[in-house]
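Number of protein chains: 2
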Amino acid sequence: MAMSMMIQSHVPAGLNAGINRKSVIRSAHQEVVIDRRSSSKVSNRANRLTESLSNLLHLHVETPPRREIRYTNWDFVGEEKHSTPVMSPKEVISEKWRDLHGCMDWDGLLDPLHPRLRREIVKYGEFAQATYDAFDFDPFSEYCGSCRFNRNKIFEKLGLDKNGYKVCKYIYAMSHIDMPQWLNRSRLGQTWSKDSNWMGFVAISDDEETRRIGRRDIVVAWRGTVAPSEWYEDFQRNLEPIGHGEAKVEHGFHSLYTSKSEFTRYNKSSASEQVMEEVTKLVKFYKEKGEEASLTITGHSLGGALALLNAYEAAASIPGLPINVISFGAPRVGNIAFRNELHQMGVKTLRVVVKQDLVPRMPGVVFNESLQKFDEITGTLDWVYTHVGAELKLDARSSPYLKRGFNLLGFHSQETYLHLVDGFVSGNSDFRSDARRDVALVNKACDMLIDELRIPHCWYQMENKGLVRNAHGRWVKPKREPEDIPFVGEVNSHALQSQRHLQPMYI
Amino acid sequence: MAMSMMIQSHVPAGLNAGINRKSVIRSAHQEVVIDRRSSSKVSNRANRLTESLSNLLHLHVETPPRREIRYTNWDFVGEEKHSTPVMSPKEVISEKWRDLHGCMDWDGLLDPLHPRLRREIVKYGEFAQATYDAFDFDPFSEYCGSCRFNRNKIFEKLGLDKNGYKVCKYIYAMSHIDMPQWLNRSRLGQTWSKDSNWMGFVAISDDEETRRIGRRDIVVAWRGTVAPSEWYEDFQRNLEPIGHGEAKVEHGFHSLYTSKSEFTRYNKSSASEQVMEEVTKLVKFYKEKGEEASLTITGHSLGGALALLNAYEAAASIPGLPINVISFGAPRVGNIAFRNELHQMGVKTLRVVVKQDLVPRMPGVVFNESLQKFDEITGTLDWVYTHVGAELKLDARSSPYLKRGFNLLGFHSQETYLHLVDGFVSGNSDFRSDARRDVALVNKACDMLIDELRIPHCWYQMENKGLVRNAHGRWVKPKREPEDIPFVGEVNSHALQSQRHLQPMYI
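Top to bottom, those sequences are chains X and B.
Numbered per our numbering, the first sequence finishes at 507, counting up by one with no gaps.
Numbered per our numbering, the second sequence finishes at 507, counting up by one with no gaps.
Mixed in with the good hints, there may be bad ones.
Given that identical chains are not distinguished, each listed pair holds provided it fits within a single copy or across any two copies.
As the list claims (entries may be wrong) - In silico SDA-like links for lysine to any residue, alpha-carbon gap of 20 Å or less:
{"id": "1", "residue 1": "K162", "residue 2": "R215"}
{"id": "2", "residue 1": "K465", "residue 2": "L158"}
{"id": "3", "residue 1": "K393", "residue 2": "D107"}
{"id": "4", "residue 1": "K479", "residue 2": "L453"}
{"id": "5", "residue 1": "K477", "residue 2": "S83"}
{"id": "6", "residue 1": "K157", "residue 2": "E463"}
{"id": "7", "residue 1": "K477", "residue 2": "R436"}
{"id": "8", "residue 1": "K465", "residue 2": "F137"}
{"id": "9", "residue 1": "K355", "residue 2": "K393"}
Note that these hints are calculated values from the structure, not bench results.
Bound-form chain X, shown alone (with noise of 0.2 Å):
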């Protein structure tokens, strides 16, 4: 985290847009001149500190040309697209779910794109993105590393109470393998928990989105981590064996998926046994009640890779059952032999991939499938990295909306995804001109806007950082609902429906 916050950090809004210091766009409406004169300083170093980054990791990074573009048609500015409602209007997909859930590979409706399975996507992606929303960051919360909200608001806090829904069970994770660059731990000595954090979660969809879109869906949301720097240590190092066969994965996902430890609250039973436990429970539910079940597994980043691994074990144990995962900017999870088992079981994967961001390129940049041509060469291959599944490529120049130049984090970021399949129509065609998430949306948490769209960067923050005054003047830090801390019971036992009115069981 901390490294890519400081990169973040050093890049003020426009840095990347250009080389010229002022930029004319003519709207129909008006004329906004920018001047960036402000962030040319900055720029230097900012780049120097890219470069810097980019020789640490090793890569070759693919720095879109620095090209004048020319926006004719597109309206940045004019209010009457903030009166554009953000969705379009719902469609049936009852008679053609399976193929949009990939039982054909997706073959025929990735390029062009099929508009129905872009908004599908789309619809999963915010759930991988709700794990990042809802999540504790701060470092002065006793709660940090958990979720801010119990599951039964987290879609109404986040604005997404209107996705057909809801949520099931919380999952929580934990590693026997040092990563300390994973795992978000408060400042504080008493907090709820030293060991584990939010990991995701399960949901299933009601009755009128099972109706629209052919079968009860449940789907599994893993969170991921922003910063793909930290990866590069701690990954890369070793794949360990998975099921019976060759198959091998990376241990780090590996011990973060199935890693329990007696003596911890939250991880009594792993990752792993959290979610098959509510997803066996659930198929079981619905298959006596006569339902037909699918299982959409979604991930941004390490959360894709926790996802690919749920996939894996999800399949073998509950056979018969429709799986996918839909993964935004994983990266390579396991070898040949692990890909060709999750084949041969039927599971699906598209991967989501900005051509721009490095993280799918990870663990693996040096070996990975594209040796598969040195066959004989090389053997079997079997310590290979190798990606899963079919490819929505997506180009972050594509977009009229995003800065030119090189930005780590920006091309990483989820949201950047959700906005780039939105405007994706085809390999060769321009983005979408109807394309009607709203692009604010992007700058949440990095720096990607151009300038004219004067939306601030990094701008999902709470209010003075939580603190509020009090009664007596003083800010303070107000206590979490008791409603929305993390409840032991959620993760060991099923018996207790509600939340409500316990008492919270960390020390």
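Here the structure of chain X is known, so what remains is to put chain B in place on it, guided by the hints.
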């Protein structure tokens, strides 16, 4: 701004807090263990940055020694402290207001600091702080560089409505000298002003406060700038004459104070003319009512320099009016003749200075009043910058709430000054244990408080940087309230008492 912002954002909470990775604080109530491992990596980086900055400034930086401090009498986490009022009851000072206003140069009142003087210093210091808190720093706002609220509600909005004063006028400044680092400018083409910034206000005590303090008090508060590093290039260049004698002052400060242009909206009259017109009018008004009046001019940093220029002019043009300046962390302004003329005209100056703050050493880090002992060598020294008046010297190390270690921005921050004034008893005694001012305020825009207090750094921020979700689900920057749009009439005419329902007159 840029440089210091970056430094700040480099320094995560807890960074300067010591060498030990873990520290244990025992209070009567509980034991708090602070884990500092997470910040250790970044620590070296920030230290290097600080070092190179210090080299850049060609300054010898006094870094407080890193020693272990035991806070046996301090309760950092006890919640009962949260319900202590932030202010002592107001005491009547009408009998001795002249002494507190400096008529005897605060002789015998500063060490130990007289409790009633302490309270008055904090009161004026909060006016100076208000000029920052209300300022629109947002480069994507078309009102960047203005005050966010109109003068009738600024104190209420900042929680200062019980201070006993009312703002009568806003002051705007521009500069003919190229001071790009000074002017906060919108990056948009269409803005309220391309030349001027809101620079402070004139306020007047209400009847109740007037009774308490024994006279009608006119206050002028000047806004400063937050970033000392920027100054170094701009200032310390040359002195220019002021008045009719030998007095000379730094040309950058003088330009800000006196620049005007017919081609601007807010500086058809200079800051000097705006403030003097208002002060003269108020003095005349209350004189005719038979009331005694005083003028108290305050400012932090650059604002303290402007306060001195303002006092010089007011003393020359309104003889007999008791005038004082209470400045915080202000740089030197002029030469020895300037200081002597101020003394002769009876201007009383109280300079509040934090020992570790670099800004009061500028300009003239090399050539300053300490050179007077070489008088014979250097001649008349009319080109040497010198400080003016009495000094209240504060030591950042006196406060158990503040981190050890060098913190460029933190030592200079006005909230740090106010905290140290509040805790100052005398030069050789401990921090005042019954100091009541809210300690959390210190971290509003810097990272100075020890971790044990659990106050995030730089916490003074707007929710989502001012973006709000509109009825269509889109994140937009709402328009400023019409009554808060800078109104050109407020500068050039006094006929209009209310700005309400007036159309904004910017382009």
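Is it within a copy, between copies, both, or neither that the alpha carbon of K465 lies no farther than 20 Å from that of F137? Answer is both: 11 Å inside a copy and 18 Å across each meet the 20 Å cutoff.
Alpha-carbon proximity between K479 and L453, which holds within one copy, between copies, both or neither at 20 Å: between (37 Å within a copy, 15 Å between copies)
Within, between, both or neither: K162, R215 at alpha-carbon 20 Å: Close inside one copy (18 Å), not across copies (62 Å); limit 20 Å.
Cα distance capped at 20 Å. Does K355 pair with K393 within a copy, between copies, both, or neither? within (6 Å within a copy, 58 Å between copies)
Pop the pair K393 and D107 into one bin, within, between, both or neither, using alpha-carbon distances up to 20 Å. within (14 Å within a copy, 75 Å between copies)
Under a CA distance limit of 20 Å, which applies to K465 and L158: within one copy, between copies, both, or neither? This pair counts as both: shortest intra-copy Cα distance 17 Å, inter-copy 17 Å.
Is it within, between, both or neither when you check K477 against S83 at 20 Å Cα-Cα? Cα proximity of K477 and S83: across copies only (13 Å, versus 36 Å in one copy).
Pop the pair K157 and E463 into one bin, within, between, both or neither, using alpha-carbon distances up to 20 Å. both (15 Å within a copy, 15 Å between copies)
Give the relationship of K477 and R436 under a CA distance limit of 20 Å: within one copy only, between copies only, both, or neither. between (37 Å within a copy, 18 Å between copies)
Of the numbered hints stated above, none is contradicted by the structure.
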